[in-house]
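Go ahead and model the full structure; you've got the sequences and the hints to work with.
Residue numbers (this note's numbering), protein chains in the order written: chain A, 893 to 1044; chain B, 3 to 277.
These aren't lab readings, by the way, just hints derived from the structure by calculation. Even glycine gets a Cβ: it sits at the ideal position worked out from N, Cα and C. Possibly wrong hints are sitting among the right ones.
Said to hold, decoys possible - Which stretches of chain B does chain A cover? Using the computed rule of at least three CB atoms under 8 Å from a CB of chain A, they are:
#, segment
1, 177-188
2, 197-209
3, 241-248
One-letter residues, chain by chain:
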Amino acid sequence: MVLAVLVLSAASLSATRSDTADSEPVAIYQIVNDSIPKPLDGLAGDPARGRAIVAGRAGNCLACHHAPIPEEPFHGDLGPPLEGIGDRATAGALRLRLVAPRTLNPDTVMPAFHQVDGLRRVAPQHRGRPLLTAQEVEDVIAYLLTLRADGR
Amino acid sequence: MAGHGRGPVRRRLRRLPWLWSAVAGMAVAWPAWVGSELPAPAPSPPRSGYEFARPETQAIQDDEFANPGLFWAERGAELWDSPDGVDGQSCSSCHGAADALAGVAPTYPKIDLASGLLINLEQRINACRTRHMGIGPYPLESDPLLSLSVYVTQQSAGQPLQVQIDGPAQPWFERGRSLYAERVGQMNVACTQCHDQRVGHLLRAERISQGQINGFPAYLLRWGTVSSVHRRFQFCNEQARAEPLPIGSDDYNALQLYVAWRGTGLAVEAPAVRR
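In structure tokens form, the structure reads like this:
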């Protein structure tokens, strides 16, 4: 009975959470119209930190995406280029793509950067940890929103 | 690039799993689909990793003075004739000249009749040592074992991959096929998503290949050593932040069989050079 109520409330919120004791907390979020409108855990992102995450190994975004980060020599082309993404996507749309990309495209190779459940054979050192924390997700979003076609 | 033209049709087919499974004649229960991609047909035509390598990597493989894998082949040739067994046997005591084994390497992995298990070429060499030479196996991934494996494989250079997937090998093949389609690791990706669906795209500086193994054991520039297929599988798993399986494990042999089948007809390159 209690379980049923929990499942129901989770479903009605479209929410995901991890309750396993040894995992870093994963923020609860709500999907509304192909978007996660509210910042994870209500956090504010920092674009400078976000740029470092995108460029470096933490996010490793350049493995698959091109971005205006000239000091990194190699950018992949598996995903769309990030130049001008701030004109094309809202914060909420970017948040959904970072947190739960398979809700938009079940075949995507874009990892869910803020997920710990529903994965198989995760290497022990990464088990129970999201690829990015809630703060890091918000930092990346803040950076991506600065990427405008007019170069601002 | 490759795959874009077929994308929409494929996607539509993938949204009809009942149709796909009926067409493929597969009796797969629903839960087996969860977290798995649908199996793709073998790539047509299969293309060697050589074709996806950078010109400077190709040049190293092509130059018989620069290809470091040839040191392993030479070492293998020495071991082939070196007395090592309890009665002083060497490989050549039974097999004679190594070219007697031309055409053997591209048929592995293969069912071992004595054990009933699927084994790869390195395990076959070790079986020879334990059963016929009265000595212990080489450690998997050890220098002498890889040297002999490269040397034996070299005897089949240019010959087409041709593994048996029916009869007793059939359940192994199916196991390999499902491993190939299973999403794993923190990155939650399956082999097929890159090596069938995104071939030719760039992952950082790497051009994604079909994941063919006709050049293995291959000299890998990133490690400065020859690597077995299984060790290369481990590296892929590590990139996906998945727990690697043991070298020599049944699962990796099953996966190797499936991947070898995907490359049926590809010419053996020995020793190949890859990044």
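Each hint tested on the structure:
1. Figure legend: the segment 177-188 of chain B, annotated as covered by chain A; annotation consistent (5 residues with Cβ-Cβ distances under 8 Å, at least 3 required).
2. Coverage of the segment 197-209 of chain B by chain A holds in this model, with 7 residues showing a Cβ closer than 8 Å to a Cβ of that chain against a need of three.
3. For the segment 241-248 of chain B, the stated coverage by chain A is satisfied: 4 residues place a CB nearer than 8 Å to a CB of that chain, which reaches the threshold of 3.
Hint compliance for this structure: no hint is broken.
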